[in-house]
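Residue numbers (my numbering), protein chains in the order written: chain R, 1 to 374; chain W, 1 to 309.
Mixed in with the good hints, there may be bad ones.
[Unchecked claim] Taking lysine-lysine pairs in the DSSO-like style, the calculated list, with each CA pair at most 30 angstroms apart, reads: (1) R:K89 <-> R:K319; (2) R:K319 <-> R:K368; (3) R:K44 <-> R:K76; (4) R:K169 <-> W:K118; (5) R:K259 <-> W:K292; (6) R:K93 <-> R:K76.
[To be verified] Every beta carbon over 12 angstroms from chain W, so not counted as near; a handful from chain R, in silico: (7) S134; (8) E215; (9) Y294.
Keep in mind that the hints were calculated from the coordinates and are not lab data.
None of the values given here were measured: they were computed from a predicted structure.
All C-beta atoms in this analysis are idealised placements derived from N, C-alpha and C, irrespective of residue type, glycine included.
Residue-level listing of the chains:
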Amino acid sequence: MKKLTKFLALALTVTMSMTALVGCGGGNEQPAAEAGDATAEVTKVGFIYIGSQNDGGYSQAQHNGTKAVQEYFGDKVETIIAENVAEEKQTVKTTAINMIDQGASIVVGTSFGFMDALEELATEYPEVTFLHFSGYKMNETNFGNYFGAMEEPRYLSGMIAGMMTETNKLGYVAAFPYTEVHIGIDAFALGAQSVNPDVEVKVVYVNSWNDPANEKAAAESLLAQDCDIITQHGDSAGPQLAAEAAGKLAVGYNLDNSKVAPGSFLTAPVWHHDKYLIPTIEKIIAGEYVPESYYGTMQDGYLGLAPMTELVPQDVQDKVNEVAAKMEAGEFPVFVGPIYDTEGNELVAEGETLDRAAIWTVMQNLVKGVSAVN
Amino acid sequence: MLVGFLSAAIIAGTPLLFATLGEIFSQKAGHLNLGVEGMMYMGAIIGFIVGLNTHNPLLAMLGAVLAGAVGALLYAFLTVSLRVNQTVCGLTLTIFGEGFASFLGTSIMGSIVPGDIKSFFVARPIPVLSSLPYIGDILFNQDVFVYFGYITIIASTYYLFRTKKGLNLRAVGESAAAADASGINVSLYKYVHILLGGALCGLGGAYMSLVTVPVWQEHIIAGRGWIAVALVIFASWNPIKAMIGAFLFGGLSILGFRLQSMGIHISQYLIDMLPYAATIIIVIISTRKNKKEDMPPADLGNPYFREER
Numbered sequence: 001m002k003k004l005t006k007f008l009a010l011a012l013t014v015t016m017s018m019t020a021l022v023g024c025g026g027g028n029e030q031p032a033a034e035a036g037d038a039t040a041e042v043t044k045v046g047f048i049y050i051g052s053q054n055d056g057g058y059s060q061a062q063h064n065g066t067k068a069v070q071e072y073f074g075d076k077v078e079t080i081i082a083e084n085v086a087e088e089k090q091t092v093k094t095t096a097i098n099m100i101d102q103g104a105s106i107v108v109g110t111s112f113g114f115m116d117a118l119e120e121l122a123t124e125y126p127e128v129t130f131l132h133f134s135g136y137k138m139n140e141t142n143f144g145n146y147f148g149a150m151e152e153p154r155y156l157s158g159m160i161a162g163m164m165t166e167t168n169k170l171g172y173v174a175a176f177p178y179t180e181v182h183i184g185i186d187a188f189a190l191g192a193q194s195v196n197p198d199v200e201v202k203v204v205y206v207n208s209w210n211d212p213a214n215e216k217a218a219a220e221s222l223l224a225q226d227c228d229i230i231t232q233h234g235d236s237a238g239p240q241l242a243a244e245a246a247g248k249l250a251v252g253y254n255l256d257n258s259k260v261a262p263g264s265f266l267t268a269p270v271w272h273h274d275k276y277l278i279p280t281i282e283k284i285i286a287g288e289y290v291p292e293s294y295y296g297t298m299q300d301g302y303l304g305l306a307p308m309t310e311l312v313p314q315d316v317q318d319k320v321n322e323v324a325a326k327m328e329a330g331e332f333p334v335f336v337g338p339i340y341d342t343e344g345n346e347l348v349a350e351g352e353t354l355d356r357a358a359i360w361t362v363m364q365n366l367v368k369g370v371s372a373v374n
Numbered sequence: 001m002l003v004g005f006l007s008a009a010i011i012a013g014t015p016l017l018f019a020t021l022g023e024i025f026s027q028k029a030g031h032l033n034l035g036v037e038g039m040m041y042m043g044a045i046i047g048f049i050v051g052l053n054t055h056n057p058l059l060a061m062l063g064a065v066l067a068g069a070v071g072a073l074l075y076a077f078l079t080v081s082l083r084v085n086q087t088v089c090g091l092t093l094t095i096f097g098e099g100f101a102s103f104l105g106t107s108i109m110g111s112i113v114p115g116d117i118k119s120f121f122v123a124r125p126i127p128v129l130s131s132l133p134y135i136g137d138i139l140f141n142q143d144v145f146v147y148f149g150y151i152t153i154i155a156s157t158y159y160l161f162r163t164k165k166g167l168n169l170r171a172v173g174e175s176a177a178a179a180d181a182s183g184i185n186v187s188l189y190k191y192v193h194i195l196l197g198g199a200l201c202g203l204g205g206a207y208m209s210l211v212t213v214p215v216w217q218e219h220i221i222a223g224r225g226w227i228a229v230a231l232v233i234f235a236s237w238n239p240i241k242a243m244i245g246a247f248l249f250g251g252l253s254i255l256g257f258r259l260q261s262m263g264i265h266i267s268q269y270l271i272d273m274l275p276y277a278a279t280i281i282i283v284i285i286s287t288r289k290n291k292k293e294d295m296p297p298a299d300l301g302n303p304y305f306r307e308e309r
């Protein structure tokens with residue numbers, strides 16, 4: 001009897017742990033594209049996500065790109081997906097090597113923290129091409145990176161908020177106080193100020209990329225401070241739900257959430273990863289790929305706004321579309337002087353336009369009209 | 001402004017309230033169940049799925065209760081009947097619960113709680129009480145789930161300290177052997193109260209998925225189960241103190257955002273640390289005062305072998 005109970009205890013514990021593992025890992029079951037006749041050359045492309053493919057935010061936006069790739073290439077490409085991969089070097093390497101063992105000749109890592117692992121892999125597997133979203137490392141043969149000028153659609157969403165606010169106070173639920181987030185805040189504030197010089201942007205940092213309840217609570221604190229339009233740089237729909245519950249408005253991020261929070265959702269700056277992935281994978285297959293540090297813009301179609309909802313008045317939409325058209329023509333840079341920081345010091349001189357490298361250093365600072373503490 | 005903050009603190013504290021109360025029942029039965037987080041996830045996902053399919057808020061809550069209880073049943077079977085190490089088992093349950101929720105949630109990610117349920121859980125002021133100055137708006141202008149929390153706390157206090165069964169339960173937690181000798185069915189008491197604890201944790205999770213953020217997303221519990229475990233010690237195993245503590249900790253969890261939006265700078269990390277720092281201080285104080293009713297159940301964490309009496 002004692003033996004039996006011991007065995008039962010062990011079996012139950014093991015089952016519970018196994019189920020947990022299955023639950024967490026959930027990923028690799030992407031329906032492999034119909035291989036069709038095995039004679040056709042199939043290129044296998046591995047995608048590594050930090051979240052799950054339908055997380056309602058960051059990874060879902062990445063997955064939309066993956067789906068577009070699959071659709072475009074059809075039988076010629078097979079995608080392999082790994083979800084919920086933590087930003088630990090060994091985990092990332094194991095995941096990528098597993099993909100390579102399955103025949104992947106291209107591996108796409110879609111989170112910043114995958115960078116060092118991909119760099120090492122690029123040396124260890126010279127025949128495989130590695131593409132990395134949001135990093136800065138690359139080599140000359142098989143490792144490139146890509147990112148985009150999110151400041152452009154953020155600026156446009158700022159214009160909408162600037163025109164629609166009644167209290168002249170906008171709320172910004174931000175993940176962490178670091179450069180990428182600050183560039184977004186600055187672009188949003190400048191966009192809002194371009195149409196409404198009196199507007200103020202209040203920032204609350206959540207210190208997390210994905211904590212729905214806290215993101216909602218942060219938005220509620222901004223609403224309590226009279227902000228009547230909330231935007232966000234984080235993954236969850238929490239801020240949009242908070243705005244909806246308070247009868248206020250919201251600009252999302254990453255995805256068209258018009259169905260999740262129909263009462264508040266105006267639009268969202270979104271990524272179109274396929275605009276980079278499709279031509280790049282095409283080049284890799286053709287053997288013509290030279291690693292680059294791609295920085296997509298609205299001109300490339302790499303970024304844009306989700307369709308504006310009915311909550312945005314037509315005259316506002318018209319004005320935004322006018323500027324959007326200039327951005328799409330490559331004629332409307334976001335960071336043009338004079339720009340001042342929160343203390344009133346000049347960041348960008350009159351007539352000066354920040355180039356890409358300068359944006360990532362100068363715009364670590366927050367611009368005038370933004371109030372944030374961290 | 002302050003009223004708004006305190007009212008939000010109640011909402012932030014409600015999942016903690018249920019989870020803490022659940023853990024108190026488990027520990028009063030002598031079982032340290034570290035699976036609170038996992039059982040909250042189980043309640044959150046099952047409550048959400050039931051709500052999504054039935055559009056019935058009460059069935060959704062019932063689903064959460066059952067899910068939490070099933071999680072606790074696994075734990076109870078392992079720790080009461082098979083006498084497996086409680087700590088290990090609880091930790092496993094936490095990992096299991098989160099995986100379980102992610103697994104079941106894959107296909108409904110981003111789904112929204114049906115409108116009928118959302119509107120059931122809107123704030124409903126209680127006549128008379130809600131017109132009290134300040135207190136009325138803070139405590140009595142909330143959703144029915146919060147009111148249910150108040151009732152549960154009062155009922156639990158009565159049960160634990162004013163009924164024979166409550167006395168028996170405390171006896172089991174203090175000394176299972178003595179309780180057994182006095183004719184109490186130790187295993188039954190343990191099972192019932194561990195399951196009751198799990199059910200309450202499930203309800204806490206359901207509050208997160210049905211009311212706090214009524215859209216299914218991963219990571220919605222985000223460590224609140226662990227705060228509940230700390231809260232049990234903070235509350236020295238007393239439901240009323242648990243309620244006060246839950247609202248206090250709930251308030252602390254959103255205080256940082258309020259201060260930031262007002263332009264006051266206190267590090268978020270410091271504020272995140274406060275509940276735990278407060279718990280440590282309470283433990284030190286209660287250990288020094290050495291009052292009997294503030295002490296953990298004496299038999300907490302010990303497996304009970306009748307043959308070894």
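Status of the hints after comparison with the structure:
The hinted pair formed by R:K89 and R:K319 fails the criterion: a straight-line CA distance of about 46 angstroms is larger than 30 angstroms. Between R:K319 and R:K368 the alpha-carbon distance is near 23 angstroms, which keeps this suggested pair within the 30 angstroms criterion. With a C-alpha separation of about 9 angstroms, the suggested pair R:K44 and R:K76 falls inside the 30 angstroms cut-off, and the hint holds. The hinted pair formed by R:K169 and W:K118 meets the criterion: a straight-line CA distance of about 28 angstroms does not exceed 30 angstroms.
Straight-line distance between C-alpha atoms of R:K259 and W:K292 comes to about 55 angstroms, which puts the hinted pair past the 30 angstroms bound. With a CA separation close to 26 angstroms, the supplied pair R:K93 and R:K76 stays within the 30 angstroms bound. Remark: the non-interface label on R:S134 is consistent with the geometry, its nearest Cβ contact in chain W lying 21 angstroms away (cut-off 12 angstroms). Interface exclusion of R:E215 from chain W breaks down, the closest Cβ pair being 8 angstroms apart, not more than 12 angstroms.
Consistency note on R:Y294: stated as away from chain W, and its beta-carbon is indeed over 12 angstroms from all of that chain's, at 29 angstroms minimum.
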